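A.B. asks: From just these sequences and the hints, can you work out the full model?
Residue numbers (this note's numbering), protein chains in the order written: chain A, 112 to 402; chain B, 114 to 225; chain C, 4 to 291.
Simulated from the structure, these hints should not be mistaken for lab results.
As the structure is a prediction and not an experimental result, all values here were calculated from the model.
Warning: the hint list may mix true and false statements.
[To be verified] Covered, in the sense of this in silico footprint (three residues per stretch, anywhere, with C-beta under 8 Å from a C-beta of chain C), are these stretches of chain A: (1) 159-165; (2) 204-211; (3) 247-258; (4) 285-292; (5) 297-303; (6) 355-368.
[Said to hold, decoys possible] Not close to chain A: a few residues of chain B, all C-beta gaps over 12 Å, as computed: (7) N137; (8) Q139; (9) F194.
[Claimed, not checked] The following residues of chain C were derived to be distant from chain A, with all beta-carbon distances above 12 Å: (10) A47; (11) M50; (12) E54; (13) P65; (14) A95; (15) Q225; (16) L226; (17) H228; (18) E230; (19) K242; (20) R245; (21) R255; (22) K256; (23) H286.
All C-beta atoms in this analysis are idealised placements derived from N, C-alpha and C, irrespective of residue type, glycine included.
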Amino acid sequence: MIEANAIPAFVNRGSFIELNGRERAQALFDRGSWRELVGPFDGVESPWLPMQGVAPQFDDGCIVIKGKISGKPAVAISLEGAFQGGSIGEVSGAKMVAALDLATIDSRDGSPTAAILLLETGGVRLQEANLGLAAIAEVIASILELRQYAPVIIVIAGTVGCFGGMALAAGVSSYIVMTREARLGLNGPEVIEQESGKDEFDASDRALIWSIHGGEQRVGMGLADDLVEDSVDGIGSAVQHFVTAGKPAQHRSEQVGLYRRRIATLDASSQIDPLALREQWKSLNSKGRTR
Amino acid sequence: MTNAGRQEPELGEQMEHIEFEYPNAQRRMTNRAHVGVVGSGDLEVLFEPSERAGAYVSITTSVNGFRNAWKAVFDRFFSKFDGSARVQVNDAGATPGSVLLRLEQAVEVLGQ
Amino acid sequence: MEESQLERENAMSERIGLRGKAWFQALTGQNEARKGDPASVLTADAMIGDERALFLCVIPNPGGRFPCARDGQVGLEEGYTLAHRVREALNADKDKPKSQKRAIIAIIDVKSQAYGRREETAGLFLAAAASSDAYASARMAGHPVISFVVGHAFSGGFLTHGYQANRILALDDAGVTIHAMHKEAAARITRRSVEDLERLGQQIPPMSYNVHDYAKLGLLHQLLHVESPLEPNQSDVDKAKRAIIAAIVDARKGPPDLGVRRESRAAQKSRKAGIAARALMEHQWKKV
Numbered sequence: 112m113i114e115a116n117a118i119p120a121f122v123n124r125g126s127f128i129e130l131n132g133r134e135r136a137q138a139l140f141d142r143g144s145w146r147e148l149v150g151p152f153d154g155v156e157s158p159w160l161p162m163q164g165v166a167p168q169f170d171d172g173c174i175v176i177k178g179k180i181s182g183k184p185a186v187a188i189s190l191e192g193a194f195q196g197g198s199i200g201e202v203s204g205a206k207m208v209a210a211l212d213l214a215t216i217d218s219r220d221g222s223p224t225a226a227i228l229l230l231e232t233g234g235v236r237l238q239e240a241n242l243g244l245a246a247i248a249e250v251i252a253s254i255l256e257l258r259q260y261a262p263v264i265i266v267i268a269g270t271v272g273c274f275g276g277m278a279l280a281a282g283v284s285s286y287i288v289m290t291r292e293a294r295l296g297l298n299g300p301e302v303i304e305q306e307s308g309k310d311e312f313d314a315s316d317r318a319l320i321w322s323i324h325g326g327e328q329r330v331g332m333g334l335a336d337d338l339v340e341d342s343v344d345g346i347g348s349a350v351q352h353f354v355t356a357g358k359p360a361q362h363r364s365e366q367v368g369l370y371r372r373r374i375a376t377l378d379a380s381s382q383i384d385p386l387a388l389r390e391q392w393k394s395l396n397s398k399g400r401t402r
Numbered sequence: 114m115t116n117a118g119r120q121e122p123e124l125g126e127q128m129e130h131i132e133f134e135y136p137n138a139q140r141r142m143t144n145r146a147h148v149g150v151v152g153s154g155d156l157e158v159l160f161e162p163s164e165r166a167g168a169y170v171s172i173t174t175s176v177n178g179f180r181n182a183w184k185a186v187f188d189r190f191f192s193k194f195d196g197s198a199r200v201q202v203n204d205a206g207a208t209p210g211s212v213l214l215r216l217e218q219a220v221e222v223l224g225q
Numbered sequence: 004m005e006e007s008q009l010e011r012e013n014a015m016s017e018r019i020g021l022r023g024k025a026w027f028q029a030l031t032g033q034n035e036a037r038k039g040d041p042a043s044v045l046t047a048d049a050m051i052g053d054e055r056a057l058f059l060c061v062i063p064n065p066g067g068r069f070p071c072a073r074d075g076q077v078g079l080e081e082g083y084t085l086a087h088r089v090r091e092a093l094n095a096d097k098d099k100p101k102s103q104k105r106a107i108i109a110i111i112d113v114k115s116q117a118y119g120r121r122e123e124t125a126g127l128f129l130a131a132a133a134s135s136d137a138y139a140s141a142r143m144a145g146h147p148v149i150s151f152v153v154g155h156a157f158s159g160g161f162l163t164h165g166y167q168a169n170r171i172l173a174l175d176d177a178g179v180t181i182h183a184m185h186k187e188a189a190a191r192i193t194r195r196s197v198e199d200l201e202r203l204g205q206q207i208p209p210m211s212y213n214v215h216d217y218a219k220l221g222l223l224h225q226l227l228h229v230e231s232p233l234e235p236n237q238s239d240v241d242k243a244k245r246a247i248i249a250a251i252v253d254a255r256k257g258p259p260d261l262g263v264r265r266e267s268r269a270a271q272k273s274r275k276a277g278i279a280a281r282a283l284m285e286h287q288w289k290k291v
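C.D. replies: The structure is reproduced here in structure tokens:
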């Protein structure tokens, strides 16, 4: 809520989830090293929302901050989950793509620039439908370009989580950091219940939801990289760690052979027990050895 | 803003765009401020130094028919605030109390 | 006016996924999945013009292992199979000069992504990402990737299978819809009636379910009219092949990224705000 160039000390000890999208992005950077780009004062809003009687936001719900993390150039792209569910529209999508592409250009020119995507999003903004969907395809493409040169780090802290087309963006990235509260999946519980019925997924069953989509399960499955406590320091450290680590040896979305094997050995005759699947996949790791 | 709960606009209903001027707000400003998020029942406000003397308020709201309520809030605010500001608001149905709160937060930021 | 309404009614009563199979067979002469692949994913190397290309298509598979992926949805098996076959072509051609990297042609008629608990548990988002990655990696390596939308292209299904293409072609037909969410579900979520949504789509091109309005967004390379979209005749097939070949040639001439989607004349109009945001970002980036 308060725009300032320095985060007050009490915030640094506190919850990351309680910060808004802008504060979350700011919190990741070395003190005094950052600037917001195409921010609210530039007023680049959605042209489509007012046409439908929906109030726009001056930054279209996407905050881009460029600066240094652990002394290294980095850009953070943060979705404001409280605005239209963090959904991707024409402008918010374009900001994300542009920031990724500019980081790629700098990286190719000899200054590797990591990107941190803070994703609280349900995916496409339905009020902009096809422009939102097209933007997500372009985000995926731009992540794939950048990750060749610098790490693309996804942070999902909650409470919205990362769903819809943006879950593919998470899937092609270098690293995924999650809290326990956070969730990651292509389809959320409501949409599955709507399309396939309550027996398939009871959207009111919170334990079920977190047992499948929650941060602890995703990290336990090897589908995300780091489970972090909900604290500014904790998430900041995790991000610094991955910025410093650089590119991973192999990206998860390139491990097609491994995942084909895993899916082939899946017993689909009934619903799958999430904890059992964690164990099954641990014993079927990429080197084919039991750990 | 709304005095009751959130309202859904009818299809085809335009956003409401409201403007006010406060010519007595003459103090030159040097800072700017942005507060708030356009969540349901909430609003965001931008304060910037105005190019012309006086203060100029421009509100975009998804809830129509509350011009008088907005005027009452801003009349009250500018009875105490004398900065020559360009004020822009995006509103998704905040109550008058919430609006005043955001304006006060903005003043705090301007003072930093 | 009457004729197009009849067309629309016929299109709505059609089962999704049948056009995909019909066009795959018409273009490649083949109609079965490769050994070891699920029956829902048809892939084949076939000639188009003077060159060999890899064709891929996702179709319904009533006998599939996953109950939520039997009706033309893109699920776990589909995502990883597409990724596997595309990467196979990518690896096979990796030392070839760019002009000889085979074209990769996605034929698209998909209902959606698979909406199921098994899918979410086993990480469908990653299967979709893996396929998207494979298509994009092929494009980035210099393969011309062409998408040919012959029916439905929705949401996660299209992101997984087709939306990473250099060039997108679509049939000009009422049975062709490219969109983020089916009407009924979209209406429910945005708390409007389906009729309201359709009316909004007439004023707001990105929300429209009509492929002519999609074409206004500047993302489509070509809208192709054929006589018999459900069961293409020889003249339809020849026309489609010519269009695909032209798209391949055009793709080879251009850069391997998706920038062309912002540069078309239609895009400069429909995506003005996004283009302005990008230009401003470029300007401000240099100053930090």
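A.B. asks: Hint by hint, note whether the structure agrees.
C.D. replies: Hints and how they fare:
no.	hint	result
1	159-165	holds (count 3)
2	204-211	holds (count 6)
3	247-258	holds (count 7)
4	285-292	violated (count 0)
5	297-303	holds (count 4)
6	355-368	holds (count 7)
7	N137	holds, 25 Å
8	Q139	holds, 23 Å
9	F194	holds, 18 Å
10	A47	holds, 19 Å
11	M50	holds, 27 Å
12	E54	holds, 25 Å
13	P65	holds, 15 Å
14	A95	holds, 15 Å
15	Q225	holds, 17 Å
16	L226	holds, 14 Å
17	H228	holds, 21 Å
18	E230	holds, 27 Å
19	K242	holds, 25 Å
20	R245	holds, 26 Å
21	R255	holds, 18 Å
22	K256	holds, 19 Å
23	H286	violated, 9 Å
Comparing the model with each numbered hint stated earlier shows that hints 4, 23 do not hold.
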